[in-house]
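**Student:** Since chain A is already given, all that's left is putting chains B and C on it; use the hints.
Listed below are the residues making up each chain.
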Amino acid sequence: MIDKLQNNDRMLMTLFTLMVLAGPILLAPFGAGYPDLLQRFCIFGIFAIGFNILFGLTGYLSFGHAAFLGVGSYSAVWMFKLLTMNVIPALILAVVIAGLFSLLIGFISLRRSGIYFSILTLAFAQMSFSLAYSVLTPITNGETGLQLTLNDPRILDGANTTGSLPSTNFFGLTMNSTAKFDFLGMVLQFNVGFYFCAVMLILAFYLAMRIFRSPFGLMLKAIKTNQNRLNYTGVNTRPYTLAAFVISGMYAGLAGGLMACTDPLAGAERMQWTASGEVVLMTILGGAGTLLGPVLGAGFIKYFENIFSKINDNVLHSWFSFLPDGLEDLIVWVLHFFVGKGWHLTLGLLFMMVVIFLPGGLLQGASHIIDWIRGKKQSSSTQISNPNSMPAE
Amino acid sequence: MDAILLQILNGLDKGSAYALIALGLTLIFGTLGVVNFAHGALFMIGAFCVVTLQRILNISTVTIDPTKTDFLGNPLKVKTPYIIEWFGEGAGMAIINWSVPLAILFAIPIMLLVGYVMERGLIKHFYKRPHADQILVTFGLAIVLQEIIKAFYGANPIPTPAPEVFRGSFDFGVLIGMAENAVIYPYWRLVYFAFSALVIAGVFAFLQFTTFGMVVRAGMADRETVGLLGINIDKRFTIMFGIAACVAGLAGVMYSPINSPNYHMGMDFLVLSFVVVVVGGMGSLPGAVLAGFTLGILESFASMNQVKGFFEAIYLPSIDQIIIYLVAIVILLVRPRGLMGRAGVMED
Amino acid sequence: MSILEVQNVNKSFGGLKALQNVNLSVEEGTIHAIIGPNGAGKSTLLNCFIGKLIPDTGTVNFNGQSLLGMKAHEINQTGVSRVFQTPEIFSDLTVYENVMIPCFAKRDGSFSLNALSRVKQEIDVHEKAEQMMEDVNMADKKDMLASSLSRGDKRRLEMAMCLAQDPQLLLLDEPTAGMARADTNNTIDLLAEIQNKRHITMAVIEHDMHVVFSLAQKISVLAQGTVIVEDLPENIKGHPKVQEAYLGGAH
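Chains as they are written, first to last, in this note's numbering: chain A, 1 to 393; chain B, 1 to 348; chain C, 1 to 251.
No lab work stands behind these hints: they were computed from the structure. For glycine and all other residues, C-beta sits at the position ideal for the given N, C-alpha and C. Some clues are possibly wrong.
Examples of chain A residues lying across from chain B (beta carbon under 10 Å, computed) [what the hints assert, rightly or not]:
no. : residue
1   : S118
2   : F124
3   : V135
4   : V187
5   : G277
6   : L281
7   : L350
So that you can see chain A by itself, here it is in the shape it has in the complex:
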């Protein structure tokens, strides 16, 4: 049975790799095949995978994860400014700094669990946010955000003679270079930055899968289910929860670093509570505690954010132009709150809907539907054989 599990994992890993690498082709028909969005899929996928290790696996609901994302971004941009435009040192620094920062915050927040923990992480994130805006301006450049300038030292890169800002690169491959192909009337865009993020996502996914299947992961699941019993099994849970917190903080740092790699600037708004809320939503939407769920959730949210933000009143009018004028105006008036700049309202509503109706997330919802269809096909007298829901006797 365990061999089968491992084979399943291999299959999942292979499929996942293929799907991610073929992203520019698969998503082009949906209007999502352009580099900027594809990169965001990967980056937020990594962010959500990391968050899931803490929330889905260990059961600690953090509302401050955006802080680590922001810290990762700032660290990466500083590396671009001071050392080199190569992304590798920037990412290493982003992960290390985010790890240290999460070690500090985790050490304090994890003294409590449950609601206290959520509140503490939220408070810390807000504190980091307001610090980034005010006191730490020398480091964060306050409201304007941290940006590259021509005067940055960039010790390893040598003198910049072009007179324009350099772009980030991976040992000479520039992140924003894109190869375009026409294919069946669509433009397929293969972007270096996307493939770099994609490789990171695949690595991040692989690591998460190993953690899920490891004895350490089993301990984390045990913490989520029953900490009391684990204590009476002689296990001090603190190091485990702290390790989970730091790992997920480092994932967030990696995601933040990658954000800076694709677009080398960092602003405090990345650390805001709404950003922390977004990753929570991605994770629960996809299915907390599942491997694939968070990535799907991240893709789902970012895709619809992209679509909804583009819709404006003109588009709405053109959609509903077949209706009588009064009705058309009414519908457009109602809908315009939810699209364009109103995307956050839609996000909040979606958040509530998922929690109320779909606490298990999209993956569980899909399996319910499959079960339901199967159940309908079978005659009602035969029981669905599910070993997990069988009564004990």
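**Tutor:** Chains B and C in isolation, oriented as in the chain A frame:
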């Protein structure tokens, strides 16, 4: 001495706001067992009740005054609020001038209604769900409420001035026999503090002296037992939620002249109020009030130049921004249950 | 040789004296029952064993080491395992995973970040877990979710988890509370079997006389916070003090 007194006074208004929000949070948490992440949004809605009332009062008729012209040479359009037309110049202006205190009357039914709808429509269904779900759904609600306000009122703060008589400052120092100009304090802040004290006293008196309050206090001590007594807990929960919503809303109404209402004020105050609740001790009403005022005053002290300078010298710049969090950390490390927390509350 | 020594333990809550000069010693390799009517202080005494309460005076020594003030995991690491009144198991995990966790947990409690090793590769852990499930006759249910087990099976699982740690002392808090008669008898058989096979010392807190007299080799009777009798089961049955505590105290 005068500097210390001034800082204490300055801390009182923010402390009052923290205390009022924290009080509502604790009431909801203690009776319903729900952590309401949308509580800050109630505070914000209260503040926007003032904005709405002001807009309603300023709905005007437009008449053309042929005797005057505007700068383009066209006849001058004169806006006269209906309220002035109806009540005459004097009374009408007075009503507009006093719109903030008037908004209390306006806000109470609105807040009760909002509280009722929120509890019956949403929170009720989450009593039996895990705490994480409660946090998540109220968190989503907070986003929704904030975005709705933003959609209707825009992203910029909207000034809502206090009645003219309270707009200036007065020399508080002289009143208590100090030198002149030693302690200058704005009138409205004193009004806010007095109002908060009144509301807090009202809530405590209500809990202390009514049978309803007794049941609530019993419920906070041991929810299951009260359920067994056969008391109609459901209805009381709804009322309790309405009261908490009202307290938060009124705090928002009266705070609006101090801090112009904006759509993100709810979350700003919620985070700090949570810290207040944690410091005071989850489930302890006196703890929430005590911690609210203490932290407000501490924050105000930390913004003093001398204090700031001292902390800058030991490499802690802008101590006023983070003092509350630092205090919270220290308290949690030393007294994990908060100042007045009881054992067994939220120990999970 | 006595493995658990309780000496002169006093504990009062406000004015209420819950425990008064309790002396108790549990001999190695025996099943020692602590019985008493409701409110006699059984739970308070148990909470003193496991660090939840610290007695006002007195000592609780396990193998000569004081247990007072220790945290739950530290007490467990000294070799004391605990069975709860309602079975505490990892209900979201399968039976097999439930048993594996105590097999992983090191006796010294050391933390290991074995995030990259695979559960599958820990062969000795698997062997041990399989063995434990055989021992409690649950091998056929190993892939079921723990939450879907019957009450009796949950108890079995909890026992298996405790036994996987090879404890020197097993504390049982009303192990048959709320169980159907058949489950109770099964539990008695299970405990007796474990005792025969492994000679683990057990301290049972129980008010069900049927359970106590079927299992215990020694009984301490607690009434109003003091041990009134400590003797063999056959001597307890007709003991006047015990009858008074159970019957006389009721009036």
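**Student:** Are the hints correct? Go through all of them and say.
**Tutor:** Going down the list of hints, with the structure as the test:
1. S118: holds (6 Å)
2. F124: Since chain B brings a Cβ to about 7 Å from A:F124, closer than 10 Å, the hint holds.
3. V135: holds (4 Å)
4. V187: Interface hint status for A:V187: violated (35 Å vs cutoff 10 Å).
5. G277: holds (6 Å)
6. L281: holds (8 Å)
7. L350: holds (8 Å)
Going through the hint list in order, the structure does not satisfy hint 4, though it satisfies all others.
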